[in-house]
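Undergrad: So you can see what is in the structure, the chains are spelled out below.
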Amino acid sequence: MPHAILVDLTECVGCGACRDACQQVHHFPQEECTSLDAHNFTTLRKIETADGQEVFARQMCQHCQDPACASACLVGALEKTRDGAVTWDTDKCIGCRYCMVACPFDIPKYEWDTNNPKVRKCTMCYTERHLDADSKTDKEGYVLDRSGKRVSIDGRLVTAEDRDMIVEMTTNSDGKRATACSVACPIGATLYGERSELLAEAHRRIRSNPDSYVQKVYGQTEVGGTSVFYLSSMPFEQLGFSTKLDTEALPLRTWRVLEKLPDVILTAGVALGAVYWITNRREDVRKFEEEVKNQRSQKKS
Amino acid sequence: MKSFLSRITFWKATAAVFLLGGLATTIVRFGWGLGASTNLSDMTPWGLWIGFDVVTGVGLAAGGFTLAGIVHIFHIKRFHPIVRPAILTAFLGYCLVIVGLMFDLGRPWAIWHALIYQNPHSVLFEVAMCVMTYTAVLALEFSPVVLERFHLHKLLKFVKAITVPLIILGILLSMLHQSSLGSLYLIVPQKMHPYWYSPMLPVLFFVSAVAVGLGMTIVESYLSARAFQKTLETPLLRDLTRIMIGVLLVYFTMRAIDLFHRNAFGFLLDGSFETMMLYLEVAFMLIIPLLLFNLREWGRSRQGLFFTAFSVVLGFITNRLNVTMTSLEGYYKTNFGVSYFPGIGELAVTISIVTVGFVIFALAVKYLPIFPHHEEETVLRFDGAPARTNESASMHATPAAELRRH
Amino acid sequence: MVALFVILFVVLLLGIDLFIQARSKQYPIMAAAPAGQAYTPDRETLRIPKSVFFHPGHTWARLQDGDSLEVGIDDFVQKALGGIDRVLLPNVGEFVRQGDAVITVGHHDKQLTLVAPASGYVRSVNRDAVENPGMVSENPYRDGWLMMIEPAELASNLSVLHVAENAVSWIKEEVKRFREFLNASAAEPALVGEAMFDGGAPMAGVLEQLDDKHVLDFEQQFLR
Chain A
449 MPHAILVDLT ECVGCGACRD ACQQVHHFPQ EECTSLDAHN FTTLRKIETA
499 DGQEVFARQM CQHCQDPACA SACLVGALEK TRDGAVTWDT DKCIGCRYCM
549 VACPFDIPKY EWDTNNPKVR KCTMCYTERH LDADSKTDKE GYVLDRSGKR
599 VSIDGRLVTA EDRDMIVEMT TNSDGKRATA CSVACPIGAT LYGERSELLA
649 EAHRRIRSNP DSYVQKVYGQ TEVGGTSVFY LSSMPFEQLG FSTKLDTEAL
699 PLRTWRVLEK LPDVILTAGV ALGAVYWITN RREDVRKFEE EVKNQRSQKK
749 S
Chain B
169 MKSFLSRITF WKATAAVFLL GGLATTIVRF GWGLGASTNL SDMTPWGLWI
219 GFDVVTGVGL AAGGFTLAGI VHIFHIKRFH PIVRPAILTA FLGYCLVIVG
269 LMFDLGRPWA IWHALIYQNP HSVLFEVAMC VMTYTAVLAL EFSPVVLERF
319 HLHKLLKFVK AITVPLIILG ILLSMLHQSS LGSLYLIVPQ KMHPYWYSPM
369 LPVLFFVSAV AVGLGMTIVE SYLSARAFQK TLETPLLRDL TRIMIGVLLV
419 YFTMRAIDLF HRNAFGFLLD GSFETMMLYL EVAFMLIIPL LLFNLREWGR
469 SRQGLFFTAF SVVLGFITNR LNVTMTSLEG YYKTNFGVSY FPGIGELAVT
519 ISIVTVGFVI FALAVKYLPI FPHHEEETVL RFDGAPARTN ESASMHATPA
569 AELRRH
Chain C
5 MVALFVILFV VLLLGIDLFI QARSKQYPIM AAAPAGQAYT PDRETLRIPK
55 SVFFHPGHTW ARLQDGDSLE VGIDDFVQKA LGGIDRVLLP NVGEFVRQGD
105 AVITVGHHDK QLTLVAPASG YVRSVNRDAV ENPGMVSENP YRDGWLMMIE
155 PAELASNLSV LHVAENAVSW IKEEVKRFRE FLNASAAEPA LVGEAMFDGG
205 APMAGVLEQL DDKHVLDFEQ QFLR
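Residue numbers (the working numbering), protein chains in the order written: chain A, 449 to 749; chain B, 169 to 574; chain C, 5 to 228.
Treat each hint with caution, since some may be false.
Claimed, not checked - Below, computed lysine-lysine pairings styled on DSS-like, alpha-carbon distance capped at 27 Å:
id, chain 1, residue 1, chain 2, residue 2
1, B, LYS359, A, LYS494
2, C, LYS54, A, LYS735
3, A, LYS692, A, LYS494
Since the hints were derived computationally from the structure, they do not count as laboratory data.
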């Protein structure tokens, strides 16, 4: 079943626990940050409203249902998994950065300062969530997967100690695995669960409390639907969310062209062949007539 | 002779400065990464190297398939002498595009991944495959020149036997990727200015590439004439210019219809930077060429044709950079408050790549049979004075001899 | 901004180039110095291309794509006249016969009519050359062609024409004969200048010095 994240911004108090957990579980430097980069998969921005209130806008990958980045990637390094996460495979990436251009939310970020850079973004803790608590380790203490290969996350081998930390950070109180940010949120403003259930929950909240929410679940229809939903008490454009997005999935726009290409090529190929055949034939006929003419005039003389 | 030398020296010196800058940036780029050598950022991931070196570069190299098609498929044999210089430019152009791509890719050593991890849904995958295959096709289309030079007749015979299928393949591949460079941008409707985002982008990219391919051929022909006295006849170039202008008229009709249907006409009087850039495009690509070509003397002179074609090339560059950069500037400004301008290193690399292109083209024209042979002829003295060149010496050898003296 | 910058940069380079060209007048832009000039740096040379068929009346024909003849005047008559500044040609569609005087060229006050090198219908005329006769003097065998004809009796026509080595020895003879003609004309008082036209004397534009009667003689003796 596809999973999703629901962020209720009306509940968020801006403690930053989600961000800290994200940095910790991914071994990123612990730091305050206001914008995403290659080592910050989620941020909190403080926005002061006109009446002096403070609102926090969380930002992270939307994990689109039909992601533009995955469609753009020529080597298929980005992938929409069946459980809803959009993941990336560093080893495939050639560094063209088309995913960064294509993303309607400008999420993928790049390691500009190294010689072997990677495109990186939130993976909905995909690998972390699938790391077994009782997985075996080899002699040197590295965790092995079921096929006996060493597990590596983001190019880093996982030790038993690491594993225990990751498992702890990605397991909910009810024992179910979830993203580190949702586990870390002390007041349940970020929820992780099945997409359909979370969507229903979002609409239930809006219905039962219409005064404290704008009538919109951000992420439900944007670019064909995403796997991260936001609820807010103030209009989303004031929070810096992109609100001009089409409800149609972006990859359809390129696919509509790409799917026609085989037909175009076949037609154009045959047409070019035909033109060649006709003009070539014309040339031959002309040469032949020339010869006949020449022979006649030679006979005359 | 002195002034000729001084001119060459000026451009040689300029080229040397550019190349040194390019070399320095190359070291920084591959030693320390993209961040150190460019002004690219998380907000503006694509810059000059993609916008000019790749998207514009591939377009400027479109003369190869256009002329090969005109001559070998449509059998308009009059243009035969232009095919070789056009294919040379195309081949060179594509090689340089690949060089430019190597600079821009974060992990250039992994470029072969496109061959094994294929994503048929990616426009870029299609572009990569076509560019790769087409570069190989161009190498084959160009090979007769080298084979002739080194008298490898058996191979030559083989290549000539497969010419027509090869050229049809080349045209199909070009149709695919010239248009797909436009399709690349179909996925970012919300980021681009309505002047340049259009569902028609692939078609518009293809048609304008055909026009500029012809334009580049005319420009090169003029430049090689200047440097080497190797050239094509003016009437032939004029006919080529006429075809180019015809294609441009079609292109701008499509452009106008497209803008009209998308209700983008409304912006034309807003005086914004984007509007100005659109006007610049139209001026260079349509108005100036039309005026120059119809001027009585200019339109017939080699120089006039050069300026006509050069203006089209400028307009084409404007268009590609407008699509890849200008149209996104507004989005970057309002969303991130940043604007991208290429760093000195990016400029140095781009200029170096262009310079290398000029140098290789010049060397090829000098040492390979690119432009048509000059007809053998005898030169006699009229006044009966002892002949400067031997009587009945073939003039064929003379241009090279003259060159060596320069 | 980037687009604007790139365009301005390219225009700047072009401007510098034009400036440098303008400063070095010896190597003006190609419009003034066509490719052909590189091969005929001297007015006192006569070019004889190998693939061109010469009519004894100093016009030439070249087979084009097997089905048409390109026609023009040769270097000899063009140089003797000292250049070309007007050209008169038959109309498109007209039938011309080999040996008919149908081409008229002039320079300053001198005018010559030349014959068609072969018979056939005039398919097209070189309007560029008519409007800009300088093209004929610059390169009479390429850009300076005059008309295309559709040959009617090619095989028999060709037997009259000189080509390759024949053309070279014929032109040599013509130069000799021309010198004798000039010497003979010089014997008459009307001719300006007393120099004898033997080896070494400049010949280009020498027709300018003849009076109309001698020009007519030249036409009769050399162009028919």
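Undergrad: Can you give the numbers of the hints that this structure goes against, from lowest to highest?
TA: Violated: none.
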